[in-house]
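A.B. asks: Chain residues, written in single-letter form:
There are 2 protein chains.
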Amino acid sequence: MRLLVVEDEARLAAALQRGLRAEGFAVDVARTGPAGLDAARHGGYDAMILDVMLPGLSGYELVRTLRAEQHWLPVLMLSAKDGEYDQADGLDCGADDYLTKPFSYVVLLARLRALLRRGAPERPAVLAVGDLRLDPARRRVTRADAEVTLTAREFALLNYLMRRPGQVISKIELLDHVWNASLETAPNIVEVYVGYLRRKLGRDRLETVRGVGYRLAM
Amino acid sequence: MRLLVVEDEARLAAALQRGLRAEGFAVDVARTGPAGLDAARHGGYDAMILDVMLPGLSGYELVRTLRAEQHWLPVLMLSAKDGEYDQADGLDCGADDYLTKPFSYVVLLARLRALLRRGAPERPAVLAVGDLRLDPARRRVTRADAEVTLTAREFALLNYLMRRPGQVISKIELLDHVWNASLETAPNIVEVYVGYLRRKLGRDRLETVRGVGYRLAM
DNA sequence: CTCGGGCCTGAGAACGTGCTGAGGACGCCG
DNA sequence: CGGCGTCCTCAGCACGTTCTCAGGCCCGAG
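If you read the protein sequences in the order shown, they are chains P and H. When we follow this note's numbering, the leftmost residue of the first sequence carries the number 1, and every step to the right adds one. When we follow this note's numbering, the leftmost residue of the second sequence carries the number 1, and every step to the right adds one.
Calculated directly from the structure, the hints in this document are not laboratory data. All clues given are correct.
Note: identical chains are not told apart, hence a pair may lie in one copy or across any two.
Derived lysine to any residue pairs resembling SDA-like cross-links, with alpha carbons at most 20 Å apart:
no.	residue 1	residue 2
1	171	96
2	171	17
3	171	187
4	101	187
5	171	19
6	171	217
7	200	215
The model shown is predicted, which means the values in this text are computed figures rather than measured ones.
Put together the whole structure using the sequences plus the hints.
C.D. replies: Quick look at the structure:
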């Protein structure tokens, strides 16, 4: 799941990014209204978290523009509660849900999940492929009942691969979802991490499909 | 889902009743401590929302009594934020979650849902993980039958962690529930308190999951 | 067989996260 | 008032993680 966070306040943006990544989302951050609009137009995001107060272009204007251009990305709006703008304004302009600052992180998460649930089925508690098991909640991976310790990046990569076992997944897609990197990023980093995983999980668990990508053996 | 609201202030009680009914809950209201205790004892409620300041019997006493009688109904506690009672007290006495007035309705709803999702069918009187035991009612912790003295904050933190042993819990979630802090709060305070707990409970009881959070070893 | 491009991997630099000790603010109690 | 305990902030450090890079390997095409 890819999220776009549009927030100019650096601390809050960083906190959101870290928190949501910990929940397994790929998170991009835009710091200004125009940058956010651009990103929303071009990137394949599953939802956007949008501050109202933004330099360059307000959150309201941003959503209105987006909707006028026929983009129906789910939008969760954040705003300071001290008057001026209120909730009705937020919903009027085309946002799907609305939260006033200061808000609690769990509420944001709950609202976000509700937003994403439209169409997206709830994931299973534990992913299993062959003798490999991955438990997202416990952040645990076992291979033939033996625990395997993975770094955050390794875990994210395996997590992504295990959701589509047997299917070939391109490096670009992996860069996009696991690293949420730009197109210019060298794909070598994927190769490096596939190497790390192979060392920990066994040589032939991850198959290379030359010129295309990688496949998790079923 | 049946809820019991124990709140003496008529306006708030009515607002809660109306709001929660609109969400599809069946809601009963009790106006005094003793009435609330009676209702909680006899009715098959799925959760209770409980004010601290009550005529006849305080919310704290009510929960303590209930727990002493082996009732494990999930309790969401409400309290005025202006001192006297504080959050640690609330968590200490056996409540499952805690909200300071004034609170937003959506926050209450989110917390309530989380509480119900977690469910609390037959929770033991004392939480036990490994050789660690924590008694919420008595506010006591023992490790291998030796008593460990914790400060209020340390206790609240351990209490929260022990309700989901083996699961990774993010710093943000801990900040949210144990500190009632906003997103901008520096997560370092969590690290500090995990450090304190480690010193008192043993080094490897609390596992760090880098970039994600902490996990209580099972 | 030879060549070229894609892939793999070891070394090490750069970075970030988490841990800890020192110490200040505050409230409580003698 | 002074001592004490708790809560929290801060800065420096240590170490694991992430990433870059270069050289070599392998595979498929010609």
